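Asker: Given these sequences and hints, build the entire structure.
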Amino acid sequence: MARVLIIEDDALTAQEIQEALRDDGHQVELAPDGRSGLLRAVGEEFDVIVLDRMMPGGLDGLAVLATLRTAGIATPVLILSALSAVDERVRGLRAGGDDYLSKPFDFIELTARLDALLRRRDGPAAVTGFQLGRLEMDLLTHTVRLAGQPVDLQPREFRLLEYFFRNAGQVLTRTMVFEAVWEYRSDERSNVIDVHISRLRKKIDPDGTAPLIHTLRGSGYVFREA
Amino acid sequence: MSSVKRKAPWRLARLSELRRTAGFRMALLFMCLYGVIAVLLFAFLYIQISGYAVARIDEWLPRGRNAMLRGDMAQLRTRVDEHLKIDPENERPYALFDRTGRRLAGTFTGPMPFPVHDGRPYTVEVIGEGRGEGRVAGKPRTLRAGAWLMPDGQVLVVSQDMAEIEAFDALLLKALATAAAIALLMGLAGAVLIGRRAVARLDAITDAIQAIVSGDLSQRLPTGRGGSAGDDLDRLVTVVNGMLNDIERLMHEVKGACDNIAHDLRTPLARLLAGLERAQRRANSAADYQEAVEAAIAETLGLLTIFNAMLRISEVEDGARRAGFTDIDLAAITDDAVEFYAPSADEKRITLAYAHDTAAVPMRGDASLLFEAVGNLIDNAIKFTPEGGRITVALNVRHGAIRLDVHDSGPGIDPLERESVFLRFHRSEGSRHLPGNGLGLSLVAAVAKLHGLQAAVFDSQQGCHIVLRTAAPKPAA
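Protein chains in written order, with the working numbering: chain A, 1 to 226; chain B, 1001 to 1477.
Simulated from the structure, these hints should not be mistaken for lab results.
There is no bait here: all hints are sound.
Below, in silico cross-link-like pairs of lysine-lysine (DSBU-like), each with a Cα-Cα straight-line distance of 35 Å or less: (1) B/1139 - B/1085; (2) B/1348 - A/202; (3) B/1139 - B/1174; (4) B/1255 - A/103; (5) B/1383 - A/202; (6) B/1383 - A/103; (7) B/1255 - B/1449; (8) B/1255 - B/1383; (9) B/1449 - A/103; (10) B/1383 - B/1348; (11) A/203 - B/1348; (12) B/1383 - B/1449; (13) A/203 - B/1383; (14) B/1449 - B/1348.
For the chain B half of the interface with chain A, some residues (derived, Cβ under 10 Å), not all of them: (15) 1301; (16) 1311; (17) 1368; (18) 1369; (19) 1372.
From a predicted model like this one, the values you see are computed outputs, not experimental measurements.
Built from N, CA and C at the ideal position, the CB exists for glycine as well.
Answerer: Written out as structure tokens, the structure reads:
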């Protein structure tokens, strides 16, 4: 469970986000404007902050963010914005934002990204390999074995699998997969990602075994045993 | 519309408003400048010419004296008296005075100068004796004279009448004044003419603009008689007309897009509404509601996709994204896009071939947008190519010009549709049954334009052949 602060001027959006995050078991606090949001973010301890980019009144999202970072508060911040322009995104990330999501968005996208931010807080583990069920991945020799038998993967499939391993048990949206593995910023390209994942699946989830890559309804994947 | 016919309220028709026009003012300014120059020139001419005539007389005076002194000095008085015989008009009156100033001989009626400056010419007004044709006694005349002291104390005066010079001066002044007056009038007339022409052109332009403002977008601003290669106003008009062409094209595009949006958004909205209403009316179990909600979510996601695509295109067309440009390699991006779509092509047993002759194609750009544009082209090709077909992607650089070809073995694009495939929401008749929103190729065109590339459908014997290439520099207008 994590403590999440939502700074969002639109009450309905804030409430929807609150409910979605509560469903995921988080403790959620709301701030209706930049000033009160900033005060709470400085005065209390939060694990992650959801910050609306554009808010009426004196303090907009970027100003809140800049003030927070100047005050030395390093809480991860996910910026929500109706502005999708890439320079807006760059500005948001430059001002100290950790992720950027443009409105409108799927809630699964928001919760999955928040989870990723919360995990990132713990830092990436320095590992040389992974193992899940009968599947093993060795990062040093660059090999993958399924029940001891080597699996032949294309370079991109290897990166895809590594990403799944590193985020095992977490919800990953198609967009997150695309951005992490192909390293381009994405739009919906869901069906093509699906094709890549189904090819990977054929290699690591042969018929008759319990699958490791699970498809979630609403454009997400989870990599886990059973 | 009635407002088009109505005379423009700001129409510059009255002459009194002429002075406000730039052309008239400029002409007037030039006229003033010209006037000052003319006055200076005329003054110089006048001084030079009249001075020249006087100088000619001054030059002659000592020669006249020398002629008198030639011969016996005792006969001087007789020669002065006899001078009238060779000058019956008395143009050049002579006189000989004795040392008391009494005139001994000659027709020079002025007083003896005192003191006598040997030979220095001077001007003197005298009362005439009426000698000579057309002269009236008692009428003053102006003479240019020189006086010399003789050895015996007598004074010899030699003079010339200046009436002719005065007449010439008067004539010269009159001529110069007339010329100045004519120049002034002509200049004024020219200024009025230029001003009126400017007013007429502005009127025509104003009328055209009013017509455009009232909705007639097909109107264009009139150029001068010189055609497009005319004066500065013409250049401005040409630029504005170019802008109007763009605006008109955009308006048509927006209208077309609106029609298509109406169709492409209304259909899913209607389905969404129908599904929800049906659930409200008939659903009586949790499962029914569940199904209705799922259907509604699916429709809404489809709508969101369309909206996002539209927003992205406007954003790309805005050009503001150039701020986010970095150094990128188009070859690597194309590589990635081909690799990304290879499995999809595989599934339809389509051969996706990629040929490029250069290792790297460095340029400034937005990698994600270019990936998406190239991806859209390949995606489009996969969509339209039948099973077992072939798609060729080629990237070349020749003389610094980039060229990316995507050629498929599908049914191709009707020549009549080749221009419109890049328009928003355009969907060819043959593709209406396929999934898609008609925005893919317009995004390609927008991204290409943002990167100084041009998207075009290539003439092809078979299949669809789309080319992105470095846009030819605009010909200088």
